[in-house]
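Student: Model the full structure from these sequences, guided by the hints.
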Amino acid sequence: LYSDGQAKDVTTSAVFSSADRATVDLNGSKAVGVREGGPVTITATFGGLSATAQIRVSAAALSWLEVLIVPPFTGVLQQGEQGQLQAIGHYSDGTTRDVTTSSTWTSSDYGIVSVAAGTVTGIGAGRATITATSGGLTGTITILVEVPTLEHLAIVPPNAVLRPNLIYPFRAYATYSDGRVVEVPQLVEYWTVDNASVAQVINYGNYFGLWAMDAPGTPIHVSYDGSMGHSQIQVLLSNITGTEVSPSKLILPTGMAAKLSGVFAYKSAGDGWAVEIQNPDWSSNNTSIVRVGTNGVASAVSPGATTIQMTTYDGPSGNMYVTTTDVQVTSTALQAIELDVPPRMVVGLSAKVHAIGVFSDGTRMDLGPSPIFWGVSSSSLASISPEVDGAKVTAKAAGNLTVSATLNGVVQTKSVTLVATTLSTLEFGVAQTTLPQGSTSRVDLIGHFADGTSLDLTESATYESLAPDVAQVVNGLFTNMPRPMVLAHEPNQAPADATLRASFGGVSATTSVRVNGANLRSLEVAVGSAAPSPSLTLSFTGGPYQLRVIGTFTDNSTADVTPFCTFEPASPGPGIYATISNAQAGKVTMLGRGSQTLRVTYAPTYLGQPLISGTATMIVQ
1 LYSDGQAKDV TTSAVFSSAD RATVDLNGSK AVGVREGGPV TITATFGGLS
51 ATAQIRVSAA ALSWLEVLIV PPFTGVLQQG EQGQLQAIGH YSDGTTRDVT
101 TSSTWTSSDY GIVSVAAGTV TGIGAGRATI TATSGGLTGT ITILVEVPTL
151 EHLAIVPPNA VLRPNLIYPF RAYATYSDGR VVEVPQLVEY WTVDNASVAQ
201 VINYGNYFGL WAMDAPGTPI HVSYDGSMGH SQIQVLLSNI TGTEVSPSKL
251 ILPTGMAAKL SGVFAYKSAG DGWAVEIQNP DWSSNNTSIV RVGTNGVASA
301 VSPGATTIQM TTYDGPSGNM YVTTTDVQVT STALQAIELD VPPRMVVGLS
351 AKVHAIGVFS DGTRMDLGPS PIFWGVSSSS LASISPEVDG AKVTAKAAGN
401 LTVSATLNGV VQTKSVTLVA TTLSTLEFGV AQTTLPQGST SRVDLIGHFA
451 DGTSLDLTES ATYESLAPDV AQVVNGLFTN MPRPMVLAHE PNQAPADATL
501 RASFGGVSAT TSVRVNGANL RSLEVAVGSA APSPSLTLSF TGGPYQLRVI
551 GTFTDNSTAD VTPFCTFEPA SPGPGIYATI SNAQAGKVTM LGRGSQTLRV
601 TYAPTYLGQP LISGTATMIV Q
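For what it's worth, my numbering labels the leading residue of the sequence shown as 1, then goes sequentially.
Note that these hints are calculated values from the structure, not bench results.
No false leads were slipped in.
Heads up, simulated EDC-like pairs for lysine to aspartate or glutamate below, C-alpha to C-alpha not over 16 Å straight-line:
# : residue 1 : residue 2
1 : K259      : D389
2 : K352      : E338
3 : K267      : E568
4 : K259      : D326
5 : K414      : D340
Given the structure is predicted, the values throughout are model-derived calculations rather than measurements.
Tutor: Okay, here's the thing in C-alpha cells:
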C-alpha cells in the first residue's frame, strides 16, 4: 500500500524467506511443504518493509494403492522367470508416489509365485494373487505362471548304422512348449535298448553312449520328464580289419613337430568305415631321432630314420592293435615363416593365428605343433598362448600390436589393429540350406560391431538346434573339419526343417535348413575349394592338400560328404605316391612322383543308405 492510497502487486519483486526450510521450503514466491509440521513463519520483504504469514504443513492421506506391471513383463511368467511389479500410492491431495520399496509384499500361493520387494518369480503352474500393503491399505494383482510341457524327445543320431565293438556318443534332447531345447542328462537310467545283444548303454571312462555288439538291429528308447523318445539302430556285421596312422609316412626337418592320429578301419563285408581312435598310446623306436608325446605330437631331434608305434584297444572288448608309421628326419633348413593373423581384433576377444613353414627344398608344412616362440609387442595390449595348431591372441586394450613367430632363428611378424567397440549384430549363414541326409554344409558367422568392424566369429560362438534330430551345428566332431558345420541327419519324415541359433556376446541370430530324404547316388573328389574332377594334379613340393568328397543324390542335389567317407590308399605300398588320411579325412601325404588311382567309399551312416564308392586319378608332379 502506498501513501497516495494505491495498492500494487509486488510479489515478483519481494524477497521471501522461511523460518524453517526443513518444513516449508520456498521456490521464489511459492511455498513447498516438505514435511508435516509448523506453523512456520514466512517473511516477505520489499522497499525496506516486511510482512509475515504462518503456514502449517499437514500430511496428505493415502487414499488407495495401485499395483502395476513394469514392462517388458506382461503378467505371465514361465517357470523360473522373474518380473517386476510397482506399487503406486494415490493421496488425498491428488498426488501419487512410488511406494514399491516401502510396501510389504505377499503372495497368495508361494508354490506358484514368490515375491520380494516387488520382484515376482514363477515357481509352479497356476495363478496367484500378489498383494502390496502400505499405510494400512492394500493393492492386488493376479500373476499367471505357465510351466512348459515336454513336446518332443529326440535321439541323436537318429536311425543310425553302427559298427561292432565301438562306443557311439548318442545324445537325447527334450523340446519344450516354450521353444527351449535341453540335452537330457547323460545317465544310464534314462536309456533302454530292446535287445542287449545288439547294443548296451554304457559309461566307459569319459565316454557315454551305446556299445555296439554283433546283432543286426533293435529299437532304442530314452525316457525323461514323463516322455519317451524312440529310434532304430542297426549294427552292420563288419569287423575291424586294422588300425591306420596318419600321416602314413612322416618327413620332418630337424626341430619341427607334427601331430599324429589314428583310426579303426572297417573294410570287411563291403564296408568302408573308419572311426577316430581316442587317446592311443604312442612310442618312438629311437628317441635320439624323434620323440613322441602322449598327445601324439612327434618332435624331430636329429637326422635319421625310425618308426613311431601306435597301440590301442577297441573299447570294452579289449582287443589290442599295434600300427607303426615310418619317420624320416632331415636336415632341411627352415627359410621363411608365413603367418595367418587377422589384421583387426576387438578388445576382449581372442583369435587363432597359424604358421606355415617354407623350407630350403621348396616344401611347405604346418608349423602348428612345432616349438615356435610366439610373442606380442605389448603385453598390456594383448596376450598370446601356444596351442597344438598355432597360438591364440587375446586383445586386452586398444592400440597397434605386432605379433611375432620365431623358430630356428627365422622371424616373421604381422601387424594387428586392436579396437574397443561393442557387438551390434550377427550375420549367420549356411552355405547350403537344403541338404540331403548324411551330408554337411559350411557355417559362417560374421559379427558386425558398432564402429563398423566386421569379424569372423564362426569358431567362437555357441550353437543350438531347435530340431537336433533333423540337423545340428557340430564343432570338432570330425578331426578334418575343425570349423563348425551343419550336419544333416536322417529325418523320420522327409523333408524336415531345423532352426539353428548362433549366440555370441549376448547377441543371437538364427537361420533355417531343410533336410530331405534323398539317398546318395555317386561320388566325386575335389582338391580344396576347386571343382570336382576325375583327374587330380598335385605338386610334390606344394600343399598341404585337403581333399573333399562331393556326393550327388537321388534328387540330383549335391553336398559335401567328406566326413562320412574313407580313402584308399591310406598306407604306403608299391605304386603308391601319396596316401590319404582317414584319421584326418582327406589330408594328403606325399611319398613320391607318379600317377595312382584314388578310391573313396561312403559307408552307410543312417538306415536305408547304400554303400557308394568312387574313383579318381591322382597325379603327383
